[in-house]
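Quick mapping for you: the protein sequence lines, in order, are chains A and B.
Okay, so the first sequence: first residue is 1 according to the working numbering, each after it adds one.
Okay, so the second sequence: first residue is 1 according to the working numbering, each after it adds one.
To be clear, the hints were calculated from the coordinates, so they are not data collected in a lab.
Mixed in with the good hints, there may be bad ones.
In silico DSSO-like links for lysine-lysine, alpha-carbon gap of 30 Å or less [what the hints assert, rightly or not]:
1. K36/A <-> K36/B
2. K48/A <-> K308/B
3. K36/B <-> K224/A
4. K103/A <-> K263/B
5. K288/B <-> K36/A
6. K137/A <-> K283/B
7. K137/A <-> K308/B
8. K288/B <-> K30/B
9. K233/B <-> K226/A
10. K285/A <-> K36/B
11. K277/A <-> K24/B
12. K224/A <-> K76/B
13. K153/A <-> K288/B
14. K30/B <-> K76/B
15. K263/B <-> K206/A
16. K223/A <-> K233/B
17. K79/B <-> K33/B
18. K33/B <-> K91/B
19. K223/A <-> K283/B
Computed from a prediction, not measured in an experiment: that's the story for all the values here.
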Amino acid sequence: MTFYADRPEWKDVTPIPLPYSENEPVVQIMYSERFKDVYGYMAAIMQKKEYSERALNLTTDAIECNAANYTVWHYRREILRHLQSDLQDEMKFTESVIDDQPKNYQVWHHRRCIIEMTGDPSQELDLTEYTLSSDAKNYHAWDHRQWVLSQYKIWDKELEYIDDLLSKDLRNNSAWNHRYFVIENSQGWSRETISKELEYAGAYIKKAPNNESSWNFARGIIKKNKMNYSDFPAFKELCVGMNESHIPSPFLLSTLADINIEEGNKTAASNIFEQLKDLDSIREKYWTFKQDQLQVGS
Amino acid sequence: MSAADPIVETDEADMEDKAEDLPKQLLKDKHSKFFKHMLGLLPEAYQSHDSSRLTLLYFSLSSLDLIGALDEITDKQKKELIKWIYSLQVKPDHEHGYSRCGFFATDSLPESIDANYGHIAMTYVALCSLIILGDDLTGVDRESIVQGVRALQLDSGSYQCISFGTESDARFVYCAACISYFLNDWRGMDVEKATNFLLSIQSYEGGFAQNIGRESHGGSTYCALAALQLMGKLDAITEESRARLIYWCLNRQQSGFNGRPNKPVDTCYSFWLGASLTLLGAKDFINKECNFSFLMTTQDRYMGGFSKWPGYLPDPLHSYFGISGMYVISGEVEVHPALNISMRAYRHWQSQCTS
Ligand SMILES: [Zn+2]
Chain A
1 MTFYADRPEW KDVTPIPLPY SENEPVVQIM YSERFKDVYG YMAAIMQKKE
51 YSERALNLTT DAIECNAANY TVWHYRREIL RHLQSDLQDE MKFTESVIDD
101 QPKNYQVWHH RRCIIEMTGD PSQELDLTEY TLSSDAKNYH AWDHRQWVLS
151 QYKIWDKELE YIDDLLSKDL RNNSAWNHRY FVIENSQGWS RETISKELEY
201 AGAYIKKAPN NESSWNFARG IIKKNKMNYS DFPAFKELCV GMNESHIPSP
251 FLLSTLADIN IEEGNKTAAS NIFEQLKDLD SIREKYWTFK QDQLQVGS
Chain B
1 MSAADPIVET DEADMEDKAE DLPKQLLKDK HSKFFKHMLG LLPEAYQSHD
51 SSRLTLLYFS LSSLDLIGAL DEITDKQKKE LIKWIYSLQV KPDHEHGYSR
101 CGFFATDSLP ESIDANYGHI AMTYVALCSL IILGDDLTGV DRESIVQGVR
151 ALQLDSGSYQ CISFGTESDA RFVYCAACIS YFLNDWRGMD VEKATNFLLS
201 IQSYEGGFAQ NIGRESHGGS TYCALAALQL MGKLDAITEE SRARLIYWCL
251 NRQQSGFNGR PNKPVDTCYS FWLGASLTLL GAKDFINKEC NFSFLMTTQD
301 RYMGGFSKWP GYLPDPLHSY FGISGMYVIS GEVEVHPALN ISMRAYRHWQ
351 SQCTS
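Pulled out of the complex, with its shape left as it was, chain A reads as follows:
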């Protein structure tokens, strides 16, 4: 592509060269000629506060050189506001950057700003679903999706979406977290809801007893809502049953230990910690400490 310095339509602009020293370099990046050209003009345009179509195109190039440049993104939004541009083009532009760099903070923030400007979140679920289809745990995509959901209150299809994700990968911790988020914000955690969700998580726990995600969910919905295991006898039965079938799972054992402590059965809890020292040997010191703690507390 032609350098800005060689374009007749940019003749009226004098670029501001980047300070660049190979003699006394301090974490000096050896910028490409293109980068120097684009940023030289970018600086000049921002200096004179030009908000024009050509300035908008220049920011596209500057973002292509370095999509993490938050100053350029900010300036791009100022241009869009001044020009009252068609934001559908901007939606397409952000989609192409997201596709290319799905973990870039600036582009996701920009996308949110655009949605706030249009007030139209109708494409966001598809966009994040698309991003999550290649990386189901992308934190930025989840953050954006959850922001959209709480901002525009579109909860109706979410549990189905989670079912779909968990059927593909029951270890998708982001999907479990999302389940907590959706229920918390759409219906709240009544005792009945917790019971139902324990049943849901329980089915996954049986399928994969060493899946930390489903255990965290089950235990989390009880504890975060300040309830006790004794409030949910079916869940306790599930754990006891699995233990009787000798299913080796540190998560199962540590849950049983908690249940026993809650019920005041210290000897049983101590025996479980003894087993954990062996089964979960990487955390042996921790389980020893938990075992010792039983004595201190008595």
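With the hints as your guide, set chain B with the ligand onto chain A.
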């Protein structure tokens, strides 16, 4: 238990294969070369790091400091570095007041551009770097930094990183706490609001997320805990929450650490979780040997530095956190777990920068 449900998901056959040839120690000479090189010229591929250039400087300096190689930089070069860092400090002006104040990441856009603002993470790494270099912070315009930080706090108690409006999350609360601590001036933070925000991001899993409702994450857990510690509010976490938090953090260890359940282990989480557990007084529960063995698989024995995963190319971030993660857990070199600088640098700060 089905074969599809292993307790630990690692490719053990692959790891065992190479384990014997791996070095059994930190290759300090290699790392020293790797980071000294970064202090000078960086290849074009680093263009996408231009907006966090100051962070590259901090990673290099703090690594050299931790491995005891800081003296391999000449005094002349240290002076150059200090001069360059100060050149990135944004001065207050009529139009913006203090709202742009802080440090820039880089000098590729001039200060005269109105849209160019200081960034709170850059202010944090600038102060760290100056302290590591032995500067006494007299060149810091304290009032403008404090007011600049203040301009970034939101009603929720959280912080954005630039006052023209950006994303906001636990990372920037952490930066605000470190800056306030370094300057011994907390006017830039409503501590009560910030505390409430941090407590609100502890998820049902026990770890902390970047924001309310998001997924627990090793990095945000560190940011929240370290900030609370610096703010003197660590005991605002209830006993029950603390117990679940420790359990969640310890479960991140598989060999090295991962950042979330069912994610692969990654070099940088040795620091995020190692330091978090240190702040929680639970460091002794870490299996040091396993962590060390994992880090030996991501240490690059030819180029120096560490990669995120075994078999990948080293990068500055994982190289720094490989070293600081190893030391924060082993205790062989003392690391300040909340400020993320060496205890040597911390003592220098105590004696020279707090007057
Ligand atoms: Zn990492």
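Can the restraint linking K233/B and K226/A be considered satisfied, given a maximum Cα separation of 30 Å? Between K233/B and K226/A the Cα gap is close to 23 Å, so the pair holds against 30 Å.
Is K48/A within 30 Å of K308/B, Cα to Cα? violated, 42 Å
Please work out if K79/B and K33/B have their alpha carbons no farther apart than 30 Å. Holds: K79/B and K33/B sit about 20 Å apart, inside 30 Å.
So if I understand the rule, the pair passes when the alpha-carbon distance is 30 Å or less; does K223/A with K233/B pass? holds, 23 Å
Holds or violated: are the alpha carbons of K30/B and K76/B at most 30 Å from each other? Distance of about 23 Å is within 30 Å: holds.
Would you check the hint for K263/B and K206/A, treating anything up to 30 Å between C-alpha atoms as holding? Holds: K263/B and K206/A sit about 21 Å apart, inside 30 Å.
Holds or violated: are the alpha carbons of K285/A and K36/B at most 30 Å from each other? violated, 39 Å
Sort out whether K224/A lies within 30 Å of K36/B, counting only the CA atoms. Distance of about 48 Å is beyond 30 Å: violated.
K288/B paired with K30/B [C-alpha distance capped at 30 Å]: The given pair, whose Cα atoms are some 23 Å apart, holds under the 30 Å limit.
Tell me if the straight-line CA distance from K137/A to K308/B falls inside 30 Å. Measuring from Cα to Cα gives roughly 17 Å; hence the hint holds.
Proposed proximity, K36/A with K288/B (alpha carbon, max 30 Å): Answer violated: K288/B to K36/A is near 47 Å, above 30 Å.
Agreement of K33/B and K91/B with the hint, judged by alpha carbon distance not exceeding 30 Å: violated, 35 Å
Comparing the model with each earlier hint shows violations of hints 2, 3, 5, 10, 12, 13 and 18; every other hint is respected.
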